[in-house]
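Chains A and B supply the protein sequences, listed in that same order.
Using our numbering, you'd call the opening residue of the first sequence number 228 and step up by one each time.
Using our numbering, you'd call the opening residue of the second sequence number 0 and step up by one each time.
Derived by calculation from the structure, the hints in this document are not laboratory data.
There could be a bad hint or two in this list.
[What the hints assert, rightly or not] Sample of chain B residues lacking proximity to chain A, with all beta carbon distances greater than 12 Å (derived):
{"no.": "1", "residue": "R2"}
{"no.": "2", "residue": "E5"}
{"no.": "3", "residue": "G6"}
{"no.": "4", "residue": "E7"}
{"no.": "5", "residue": "Q9"}
{"no.": "6", "residue": "Q16"}
{"no.": "7", "residue": "L21"}
{"no.": "8", "residue": "E24"}
{"no.": "9", "residue": "A35"}
{"no.": "10", "residue": "P49"}
{"no.": "11", "residue": "M55"}
{"no.": "12", "residue": "G70"}
{"no.": "13", "residue": "T95"}
[To be verified] Partial pick of chain B residues on the chain A-facing surface, computed with a CB cut under 8 Å:
{"no.": "14", "residue": "P44"}
{"no.": "15", "residue": "V45"}
{"no.": "16", "residue": "S71"}
{"no.": "17", "residue": "P96"}
None of the values given here were measured: they were computed from a predicted structure.
All C-beta atoms in this analysis are idealised placements derived from N, C-alpha and C, irrespective of residue type, glycine included.
Chain by chain, the residues run as shown.
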Amino acid sequence: MVISCDVLVIGGGAVGGAIAYGAARHGAKVVLVDGADTDLRASRANFGLVWVQSKGASFPEYQRWTRLSADLWAGFASELQQSTGLSLHHRQTGGLSFCLGDEEFDAKRQALQRMHNLFGAGDYACKLLSRAELADRIPKARLGPRVTGAAWSPHDGDVDPLMLMRALFEALSMLGVTLLNGRPVDHFKPEGDGFVAQIGERTVRAGKVVIAAGHGSTKLAAAVEIDAPLRAQRGQILVSERIASFLPLPSDTIRQTQEGTVLIGSSQENVGFDIGTTVSKTALMAQRAVAVFPDLASATFVRAWAGLRILTPDGAPIYAQSERYPGAFLAVCHSGVSLAAAHASIIAHGIVEGRLPEAVAAFGAARFEKVSHVQAP
Amino acid sequence: MFRRLEGEGQPITVFVQGRPVLVREGDTAATAALLAGLASVRSTPVSGRPRAPYCMMGVCFDCLMEIDGVGSRQACLETVREGMRIEPQRGRRALTP
Chain A
228 MVISCDVLVI GGGAVGGAIA YGAARHGAKV VLVDGADTDL RASRANFGLV
278 WVQSKGASFP EYQRWTRLSA DLWAGFASEL QQSTGLSLHH RQTGGLSFCL
328 GDEEFDAKRQ ALQRMHNLFG AGDYACKLLS RAELADRIPK ARLGPRVTGA
378 AWSPHDGDVD PLMLMRALFE ALSMLGVTLL NGRPVDHFKP EGDGFVAQIG
428 ERTVRAGKVV IAAGHGSTKL AAAVEIDAPL RAQRGQILVS ERIASFLPLP
478 SDTIRQTQEG TVLIGSSQEN VGFDIGTTVS KTALMAQRAV AVFPDLASAT
528 FVRAWAGLRI LTPDGAPIYA QSERYPGAFL AVCHSGVSLA AAHASIIAHG
578 IVEGRLPEAV AAFGAARFEK VSHVQAP
Chain B
0 MFRRLEGEGQ PITVFVQGRP VLVREGDTAA TAALLAGLAS VRSTPVSGRP
50 RAPYCMMGVC FDCLMEIDGV GSRQACLETV REGMRIEPQR GRRALTP
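One chain only, chain A, in its complex shape (with noise of 0.2 Å):
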């Protein structure tokens, strides 16, 4: 069986889904391959988060990109639900990230410094709060003997990423988008003025195609020519029985949900491909989710689940343009949900029209050449 359609989109997770989306409401017919079940799956295992306050030190683009994405989510989000009735909980409330002892809070202070100094107090937004202002943010919360204080950005905020998941694919599905799920791509590569790709008994023939695979991609942006060096970062995360609420906006450490789960993540390994969870790793998180919040030495942990995150050399984004066949997009990052609402728009309508937009520029995979493959720290 062979489908022809103008955009292919390989991968379906929350990069290739919005992406998908994005292209389909521009008018684009849309095939989009999802893979297997038991792929790695990042975005099925994601905290939830669309956080700013930590990204682009180094990287100026990545931080006014993401706040770019962050402050569409709104929008994404109502139109999301609107057109599916389904409520994905995006909040942006605000998002904390606690010190624990002066050590931390000092090193907090010079870190918002430099943030202020690279963008400026106004456009950054985070600040710090001392512990007496962090308690009136949360009253409902009782804080640890150790806190003293925390980042708070007003730019932050959370969603459910499962219920961005499903919306998307429900809004795929009236968009009239063909999804592809089962199994990956067998086969992939540039045909006359497109490509061709294998996907089991079906032959896909696209005018485009956006890799959107996670670390899957790097294989597949081979096909065309684009580099990919990609790392894998496992984070593990620990969910709790439904809790009342009290903490009414989220942080990276440690977030509630709207429903009252609370989630305490964001672990940072080495390990390779092994997404399995270990409980050295989840005892230290959630001692220091207890050195914050001591009450919560009272709640039952029901589940735990890690993700591999999906990192390049620098931690930001990849979205490149074959040169040598430029129908071939790639698009690959390790906060597929915070980036969700750029990539459904910005993104997802520079493809449609051939182009990466200039928002992007910075993006290119050209940037590692001199260091391809070398493993950051």
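Since the structure of chain A is provided, determine the placement of chain B on it from the hints.
Here is chain B on its own, set in the frame of chain A:
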């Protein structure tokens, strides 16, 4: 509604919604709630629907109750103690200091 099978344990008094219920050593809090005639032991945190003990072996989490002041305990896994206070879990539990 529920009638217990014959058993051996020593009699123990627990309190279900404040009312004394005579159970036996080795019984669970869920058993006590059922003997007390509770039609539901909790309401769910999201939709508020009523729920009652179902699997009685720690798997289904439908018997969550507040036991001696601690919320969302699995009542089918809590062995009774003399004077235990067993209350329905209404919605989400609160954290205990």
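Status of each hint after checking the structure:
Here B/R2 stays apart from chain A, with its beta-carbon at least about 32 Å from theirs, past the 12 Å limit. With a minimum CB-CB distance of about 34 Å to chain A, B/E5 clears the 12 Å threshold, and the non-interface call stands. Residue placement check: B/G6 keeps its beta carbon more than 12 Å from all beta carbons of chain A (closest about 30 Å). The beta carbon of B/E7 is kept farther than 12 Å from every beta carbon of chain A, the shortest such distance being approximately 32 Å.
Distance check on B/Q9: its Cβ is at least 30 Å (rounded) from any Cβ of chain A, clearing the 12 Å threshold; non-interface status holds. A cut-off of 12 Å between C-beta atoms confirms that B/Q16 is not in contact with chain A; the least separation is 20 Å. Its beta-carbon lying about 30 Å from the closest one in chain A, B/L21 satisfies the requirement of being farther than 12 Å from that chain. With a cut of 12 Å on Cβ distances, B/E24 stays outside the contact zone with chain A, its closest approach being about 26 Å.
Against chain A, the non-interface label of B/A35 holds: every CB pair exceeds 12 Å, the least being about 24 Å. At the 12 Å boundary, the C-beta of B/P49 stays outside the reach of chain A, the nearest C-beta of that chain being 16 Å off. B/M55, annotated as away from the interface, keeps every beta carbon of chain A farther than 12 Å; the closest lies near 19 Å. The beta carbon of B/G70 is not kept farther than 12 Å from every beta carbon of chain A, the shortest such distance being approximately 8 Å.
Once the 12 Å rule is applied to beta carbons, B/T95 is inconsistent with being away from chain A; the minimum gap is 4 Å. Below 8 Å, beta-carbon pairs count as interface contacts, and B/P44 has one with chain A at about 4 Å; its hint therefore holds. The criterion of a C-beta within 8 Å of any C-beta in chain A is met by B/V45, whose closest approach is roughly 5 Å, and the hint holds. With 8 Å as the threshold, the beta carbon of B/S71 comes within range of chain A, its nearest partner Cβ sitting at about 5 Å, so the hint holds.
At a threshold of 8 Å, the smallest CB-CB gap from B/P96 to chain A is about 6 Å, leaving the interface hint in force.
In summary, the structure is inconsistent with hints 12 and 13 from the numbered list given earlier, while agreeing with the others.
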